[in-house]
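In order, the protein sequence lines correspond to chains S and R.
The opening position of the first sequence corresponds to residue 1 in my numbering, with each subsequent residue numbered one higher.
The opening position of the second sequence corresponds to residue 236 in my numbering, with each subsequent residue numbered one higher.
Since the hints were derived computationally from the structure, they do not count as laboratory data.
Since the structure is predicted, the reported quantities are computational estimates derived from the model, not experimental observations.
Honestly, I wouldn't trust all of these hints.
[Stated by the list, open to error] Here are the in silico distance ranges between beta carbons for each label pair:
| id | chain 1 | residue 1 | chain 2 | residue 2 | range |
| --- | --- | --- | --- | --- | --- |
| 1 | R | Trp269 | S | Tyr12 | 51 to 61 Å |
| 2 | R | Phe410 | S | Pro27 | 48 to 58 Å |
| 3 | R | Leu462 | S | Gln69 | 20 to 30 Å |
| 4 | S | Lys53 | R | Lys241 | 24 to 34 Å |
| 5 | S | Asp89 | R | Gly466 | 21 to 31 Å |
| 6 | R | Gly466 | S | His188 | 38 to 48 Å |
| 7 | S | Arg118 | R | Lys241 | 23 to 33 Å |
| 8 | S | Val207 | R | Phe293 | 53 to 63 Å |
| 9 | R | Gly466 | S | Leu71 | 11 to 21 Å |
| 10 | R | Leu251 | S | Arg118 | 32 to 42 Å |
| 11 | R | Gly473 | S | Ile215 | 36 to 46 Å |
| 12 | S | Leu71 | R | Val431 | 33 to 43 Å |
| 13 | S | Leu71 | R | Phe271 | 46 to 56 Å |
For every residue, glycine included, the Cβ atom is placed at its ideal position computed from N, Cα and C.
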Amino acid sequence: MSIQVERLSKTYGQQKAVDAISFTAEPGKILGFLGPNGAGKSTTMKMLSGYLKPTSGKAVLSNFDTQLQSLEMRRIMGYLPENTPLYADMYVREFLNFVANTYELAQPEMKTKDVIERVGLGEEQHKKISMLSKGYKQRVGLAQAIIHDPEVLILDEPTSGLDPNQLTDIRELIRQLGNNKTVILSTHIMQEVEALCEQVIIINKGVIVADSTMIVLKTQHKTDSLEDIFRILTR
Amino acid sequence: MYAVFKRELFSLLNSLMAYITIGIFLLVSGLLLWFFPDTSILEYGYAELTGFFSLAPFLFMFLIPAITMRSFAEERREGTYILLASRPLSDLQIIMAKYLACLALVFFSLLPTLLYYYSIVHLGLPEGNIDGGAVTGSYIGLLLLGSAFVSIGIFASSVTKNQVIAFAVAVFISFIVYSGFDALSKIFTLSLFESVFAWLSVNQHFQSMSRGVLDTRDLVYFVTFDLLFLGMTSLVVGGRKW
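So here's chain S without its partners, still in its complex pose (with noise of 0.2 Å):
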C-alpha cells in the first residue's frame, strides 16, 4: 500500500476544506482523483506533497508519514502541482539541473538528459522557460517531478490546457510511469480517465462520494458513461 489516507480533514476558518477523507491507493495502478472545482482535490493533493499541513488525520507515502518524515518522504514522491509552477527565467536544462541537485542526485546531468528524453523535450532544452509553450511547459513540470524516479507520483491536473497531440503523448507517459509507480492525478477530463486509471475517486464538497474500481462503478450505476456518473454523484 504505497499511499494511505486516514481521515484527513483540513479547515480553513469555518469552511470545511477536505473534510476527513479516508483511500488508498497500490504501486502499478493508477488513480483517477475526480471532482468539480472547490471540491478539495488540490488541498488534498497538497497535502499529501507535505506542503499544507493537515488540520487532523494523517497521510502516509510508502511508509513514511508526510508530517513526520516529511523529508524523508519528499525524497521517494514527486509532484506536479496546480497550474506547473516554473521559474519562467532558467532554461530548460538549467532548471532540471537544478532540480536534481536539490535531491543530491548523484551525476545530475545524466539524470537531466534521460529526463529530457523521456518527456520529448530534446529540442526545446535550450529554451529559456518563459519561451516554451503551454505544452512544453507542462512537460517541464512532468519532467521535474519524475527525474528522481519516485515511487509515487502525484499529478494536479497534468493535461489541462493541452492539444490532442499533446494529450495522447502526455497519457502514454503517464501511462508508462503507472506501470512500476504509485500514481494519483486529478484532472476534469472523463476520456482521461477511462483511458488511464483503473481506480476513481470522486470527491465532492471535501467528501468522498465514490471510491472503487470503474467496472465496479459503471454497474453500480447502470450506465456506461463515466461523466453521467460524476454528474449524478457531485449534485
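Starting from the known structure of chain S, arrange chain R on it as the hints suggest.
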C-alpha cells in the same frame, strides 16, 4: 541547500537589478567620497575612511531592500514556492539559502571599495599612515550590518507578494533599527530606557566595531538579530497562508 543558494545567486546576477544597485552604491559612494567638495576626502585633508563608513549604512538601507525584495515576494506571486517546498529541503534551509545569496551580493558590492582603502594608504603622509585595525573592524562591521539588513529584507519579502511593499517595509524597519533606536535612546536620556534603546540600536554596535575593537558582544548581537528575523520569516513561510 547549496543548489538553492546557487540558483538564487545566479538569478540575482542574471537580473539587471543587482548590477543597478551595486552600480548605484559604488557611484554614490565614489562621488561623495572623492568628488563632491563638501564631503570629499581630498578637501577634508585627513587620509581616513570614516566618511565612507558613516555613509555606507545609509546607502545599504536602500540598496539591500532592493536586492532582497524579490526573494520571497516573487515566489509567492508566481506560485513557485511550492516547487521548492516539495523538495527534500526544510523551510529553514530555503530561507538560509536565500539569505546567504543576498549576503554574497552585498559582499561583492563591498569588494570594489577596497580600492578606496588602497588609495588612502597611498595618499597618507607618510605613506601607509592609516589605522588598519579600524578599517578592518569597519569592514567586518559593515558586513554584519549588511547581514542584519538582509535578514530584515528577507522577512519583509515574506510577508507580502508585492515587491514594492516588501521594499518599503524593509527600508522602514532598517531605518528604525539603525537610526530610530538611536533617537529613542536620546529622547530617554538619563533613564533606564536610554541604555536599553542604545543597546538595541544597530548603529551603536556598528560604531563600536568601527573603532577596531572586535567585541564578541557585538558579534552575538548581530547573529541574534539575524536569527530573530530569519526565525520570523520561517514562521510566516511555515504558516502557508499563501
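A quick look at each hint next to the structure:
One distance hint, 51 to 61 Å for the beta-carbon pair Trp269 of chain R and Tyr12 of chain S, holds here, with the actual separation near 58 Å. For the pair Phe410 of chain R and Pro27 of chain S, the beta carbons lie near 57 Å from each other, so the given range of 48 to 58 Å is met. For the pair Leu462 of chain R and Gln69 of chain S, the supplied restraint of 20 to 30 Å holds, since their beta-carbon distance comes to about 26 Å. For Lys53 of chain S and Lys241 of chain R, the Cβ-Cβ distance of about 29 Å falls inside the hinted range of 24 to 34 Å, so the restraint holds.
Here the CB-CB span from Asp89 of chain S to Gly466 of chain R is close to 29 Å, well matched to the stated 21 to 31 Å. At about 41 Å, the CB distance of Gly466 of chain R to His188 of chain S agrees with the hint of 38 to 48 Å. Between Arg118 of chain S and Lys241 of chain R the CB atoms are about 25 Å apart, so this pair conforms to the stated range of 23 to 33 Å. Between Val207 of chain S and Phe293 of chain R the beta carbons are some 58 Å apart, a value that agrees with the proposed interval 53 to 63 Å.
A hinted range of 11 to 21 Å for the beta carbons of Gly466 of chain R and Leu71 of chain S is consistent with their spacing of about 20 Å. Taking 32 to 42 Å as the suggested C-beta distance range, the pair Leu251 of chain R and Arg118 of chain S conforms, at roughly 36 Å. Between Gly473 of chain R and Ile215 of chain S the beta carbons are some 44 Å apart, a value that agrees with the proposed interval 36 to 46 Å. Under the hint 33 to 43 Å, the C-beta atoms of Leu71 of chain S and Val431 of chain R, about 41 Å apart, fit the expected range.
A hinted range of 46 to 56 Å for the beta carbons of Leu71 of chain S and Phe271 of chain R is consistent with their spacing of about 54 Å.
Of the numbered hints stated above, none is contradicted by the structure.
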